[in-house]
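Line by line, the protein sequences are chains A and B. Heads up: the first sequence begins at 1 in the numbering used here, then just goes up one per residue. Heads up: the second sequence begins at 1 in the numbering used here, then just goes up one per residue.
One or more hints might be untrue.
Calculated Cβ distances over 10 Å to all of chain B for the following chain A residues [what the hints assert, rightly or not]:
hint, residue
1, A85
2, N118
3, P189
List of simulated lysine-lysine pairs, DSS-like, C-alpha gap at most 27 Å [stated by the list, open to error]:
hint, chain 1, residue 1, chain 2, residue 2
4, A, K33, A, K51
5, A, K83, A, K5
6, B, K180, B, K487
7, B, K51, A, K5
8, B, K271, B, K83
9, A, K33, B, K47
10, B, K33, A, K213
11, B, K83, A, K33
12, B, K482, B, K448
13, A, K219, A, K380
14, A, K219, B, K83
15, B, K371, B, K113
16, A, K51, B, K51
17, B, K47, A, K271
18, A, K271, B, K33
19, B, K83, B, K468
20, A, K121, A, K371
21, A, K33, B, K448
22, B, K468, A, K47
23, A, K5, B, K33
Please keep in mind that the hints were generated in silico from the structure rather than gathered at the bench. Quick caveat, the model's predicted, so the values are computed rather than measured. Cβ atoms here follow ideal geometry from the backbone N, Cα and C, with glycine treated the same way.
There are 2 protein chains.
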Amino acid sequence: MRELKEYFTENTRLNYILALLEWDQQVNMMNYKNVIGRSEQMALITKLIHKRLVSNEAGEIIKRAEKLGDLNDIDTAMLREAKRAYDQEIKLPEELVIEIQKTSAIAQQTWQKARQKNDFKSFIPLLEKTIELQRDKARKLETHSDLYSTLIDLYEPGATYDWIANIFNPIKPRLTDFVKKLESSAEKPDDSILNKEYDPDKQFKLSYEILEKLNYDFKQGRQDRSTHPFTTSLGSLDVRITTRTTEPFPSCITGTIHECGHALYEMGIMKELHDTILCTGTSMGIHESQSRLWENVVGRSKEFWTYWYPTFQKYFPENLNNYPMEEFHRAINYVHPSFIRVEADEVTYGLHIILRFEIEKGLIDEKIQVKELPELWNSKFEELLGIVPPNDTLGVLQDVHWGNGYIGYFPTYFLGNLYCAQFYNSALKENPKLPEDYKSGEFSNLLKYLRNNIHQYGSIYRANDLIKRVTGEDLNPDYFMKYIETKFYPIYGL
Amino acid sequence: MRELKEYFTENTRLNYILALLEWDQQVNMMNYKNVIGRSEQMALITKLIHKRLVSNEAGEIIKRAEKLGDLNDIDTAMLREAKRAYDQEIKLPEELVIEIQKTSAIAQQTWQKARQKNDFKSFIPLLEKTIELQRDKARKLETHSDLYSTLIDLYEPGATYDWIANIFNPIKPRLTDFVKKLESSAEKPDDSILNKEYDPDKQFKLSYEILEKLNYDFKQGRQDRSTHPFTTSLGSLDVRITTRTTEPFPSCITGTIHECGHALYEMGIMKELHDTILCTGTSMGIHESQSRLWENVVGRSKEFWTYWYPTFQKYFPENLNNYPMEEFHRAINYVHPSFIRVEADEVTYGLHIILRFEIEKGLIDEKIQVKELPELWNSKFEELLGIVPPNDTLGVLQDVHWGNGYIGYFPTYFLGNLYCAQFYNSALKENPKLPEDYKSGEFSNLLKYLRNNIHQYGSIYRANDLIKRVTGEDLNPDYFMKYIETKFYPIYGL
């Protein structure tokens, strides 16, 4: 096992270096007029990683490791992930990889213009090609018997279309009913306070204060600004996040807390796994469960604001001094159907995802034609959210994912919400007083629970094993429904 | 030639990546408690560079290129530099390289403590080992017949001990005489104004303004803060500098201008050389000539301050509003023997270097024993500068270089001053009105001259060829003497 561990550790390090090249470009090169040199450097590292993965040496190291019996949990997982990485590289012909890269580069630009100009037609040929290339990729990888499941598996290892559909299908009517119920309330929150002006520099400074209290470790990480917020590991002891100060308030703060949740996961991985192939979150869904837990469950709770609101008032006295905390808390928990996924509240969010999940399945199975998308999108949108996007820019053209070739990624976002509610339910069972902690600015007991039960294991356990280990059962969306009911009925006076 | 160009371009890119890993550590990881992961990443890239250099492929590519006749200047230089890089890697046994790295890591730490505690004795064994390893390295490289020349050649390709000694020896008494003459003046500058308090953030902001005026291109570079100022290329279109706000004033500003000089050199290299092995300054001495030209010749000239002083007064009205520009200009040109090289003025600076040059020669030739160093240092210091360091911290222990194993580096600093004066003399011959430019904040004509004659060529021409091409003669220290006489006699009322 030692040779396998060491061989793949070198790849992990190359991946960290690649992450630095990317982070630096996003954070430090915003004013640069030319980043071609950086692209060449990134292509070079990518090539080196690929070469190492498809080498005979890698294949033989894996073969030898497979002959070893009696592996412990860590070694089993290390072999599993090494094999997974090797298979992903060796099964895809180089021409296909290059074709996907090239198409994605052009599709990205085309999508941007199409979105700007509300011109879906111009995007059709490239989206068609992207879908065909992804189908081809799935055929080559053959991880599952159906193509869409193979693509999903890239982001949520072990998950399949059927498994997710069995979860999403029954929750869909429950969610739409719930949204209608909230909509029918006479006591809806007023969020106009969030559209006032809040000084960006003060927001950034305040986000630092919050990070410190949430136990983000500035001795192994930093927060900077970038166009799009993200979390990235440049080392096992170097997990950085970014934020931005966009409207409405407090999306800089909730964004920071979201990325902090991702970072705390990566920062909590046990030392034994550092620099190995297992030193990363186990799936996109589990990762998202951590970011949403801190952003939504903690960061939009009344207890959280009981502690933080006075500080917010000190930072923004003109806006908040005469504004009651309870109303502010209701404002940031305003639930309402809206067009843009990334701006959606935590209740309607799942419906945005289910829409995309169903469309992706149809596209990959060739039951939906790309040219039908706008109409299909709008009718499904009305069915799920009761409103119709006025144009494609606010509809089918809004997301970056498809242009990038990320088909199968979307469902992990909503899985994140579902995992999150179930994890948090278990955390509360073990320590019912957690919310009381937040009132006094104490967030370390929750973090301890997450570290002990989730973070430390990195990628040792797959998502479905992990949720069973931690909560005693398979993923069960009832916890999410219970969570939103318990939270939003009082806010809506129901 | 194409295969050679491409093969070594990949190495250039790996070197840029290594530079980013280093830059990021210096600039962004100051608060980190652990940088071991970063060290591992740097070691990995270093290993990859080494492997590529010593490969059979590299050797054969070079052999094939050597058989080609009729190469133009660029191809000739490319082959020369490729061969030089290859030889440096292939001639040094791996054990020696590792031993040097290990020793340097320990020697560094030991030196730091020794300097802190003024305890030269504790540094003796490691300095002895360092010297022995450097001797060994020189024996293996065999670039020149004497060991010290081989080490000098690493930093100043083509230069030898004899050549430098022939330049330094005659200038030594001229310099000491000149310093004595200034010292004898009754009209010495008063530099107490520089020891007042100047807000660090304002200094940093002001340094930006100056960079813009000096045509530092923020679209292919940036300035950040670090413990020690430095310039580094992370790409052919990405040349970054750092500064720090230490006392006395205006060392943040002069430091920024110094690094800007280095950066303008790298930024001015012709496009044809981008990403190739020639895309870097041709020697440490030539590089230093550019940084010192901007820092000293321009940045400490009366014309420069004629333009900038009103801005400085706006930034620091309490200190400067009632202080005349002429006095301020004299203050920043105060010449006086002092103990610390990096704080020395541009006249005495050369004497600090000559001292080290002579000592290094003795150490490498085993004519000086390490244990004799403190005494020897102090007596030579008195001979050259007329004062005796009160302790080794202010004497033989002050520099980082020897602990790092950089023997042969020091002479390039003073060569930089000498090259600089000779280049500037030619620039003035072509355009005598350059200093008038500075009075109106116009620095682009000087830059144009430097770009046309020096910068664009990168490493195509070696230092000795370059100075001849540009000025029509070999390096001649008379230009430096003439420069300081013309500048300092008026300042000292002589």
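Against the structure, the hints:
Even its closest Cβ contact with chain B, about 18 Å, leaves A85/A beyond 10 Å, as expected for a residue assigned away from the interface. Separation of N118/A from chain B is adequate, the least Cβ-Cβ distance of about 32 Å exceeding the 10 Å criterion. No Cβ of chain B approaches the Cβ of P189/A within 10 Å, the least distance being about 40 Å, so the stated non-interface status holds. About 31 Å separates the Cα atoms of K33/A and K51/A, which puts this hinted pair outside 27 Å; it is violated.
Taken as a hint, the K83/A and K5/A pair is honoured in the structure, with Cα atoms around 12 Å apart against an allowance of 27 Å. Under the criterion of a C-alpha separation no larger than 27 Å, the hint pairing K180/B with K487/B is consistent with the structure, at around 16 Å. At roughly 22 Å between alpha-carbon atoms, K51/B and K5/A fall within 27 Å of each other, so this suggested pair holds. Taking the CA atoms of K271/B and K83/B, the gap is about 23 Å. The hint holds against a cut of 27 Å.
Between K33/A and K47/B, the direct Cα distance comes to roughly 32 Å. Violation of the 27 Å bound is thereby established for this hinted pair. Our distance criterion of 27 Å between C-alpha atoms is met by K33/B and K213/A, whose separation comes to about 19 Å. Only pairs whose Cα atoms come within 27 Å are accepted, and K83/B paired with K33/A is rejected, the gap being roughly 34 Å. At roughly 24 Å between alpha-carbon atoms, K482/B and K448/B fall within 27 Å of each other, so this suggested pair holds.
The suggested pairing of K219/A with K380/A is violated, with an alpha-carbon distance near 47 Å, which exceeds 27 Å. Restraint check for K219/A and K83/B: the C-alpha separation of about 43 Å exceeds 27 Å, so the hint is violated. Between K371/B and K113/B, the direct Cα distance comes to roughly 18 Å. Compliance with the 27 Å bound is thereby established for this hinted pair. As the CA atoms of K51/A and K51/B are separated by approximately 15 Å, the hinted pair is consistent with the 27 Å bound.
For the given pair, K47/B sits about 25 Å from K271/A by alpha-carbon distance, which is consistent with the 27 Å threshold. Restraint check for K271/A and K33/B: the C-alpha separation of about 15 Å stays at or below 27 Å, so the hint holds. For the hint pairing K83/B with K468/B, the CA-to-CA distance comes to about 24 Å; that is within 27 Å, so the pair holds. For the hint linking K121/A to K371/A, the alpha-carbon distance of about 8 Å falls within 27 Å, and the restraint holds.
For the hint linking K33/A to K448/B, the alpha-carbon distance of about 21 Å falls within 27 Å, and the restraint holds. Pair hint K468/B plus K47/A does not hold up; C-alpha atoms about 43 Å apart against a cutoff of 27 Å. Of the supplied pair hints, the one linking K5/A and K33/B holds, its CA atoms being roughly 26 Å apart against a limit of 27 Å.
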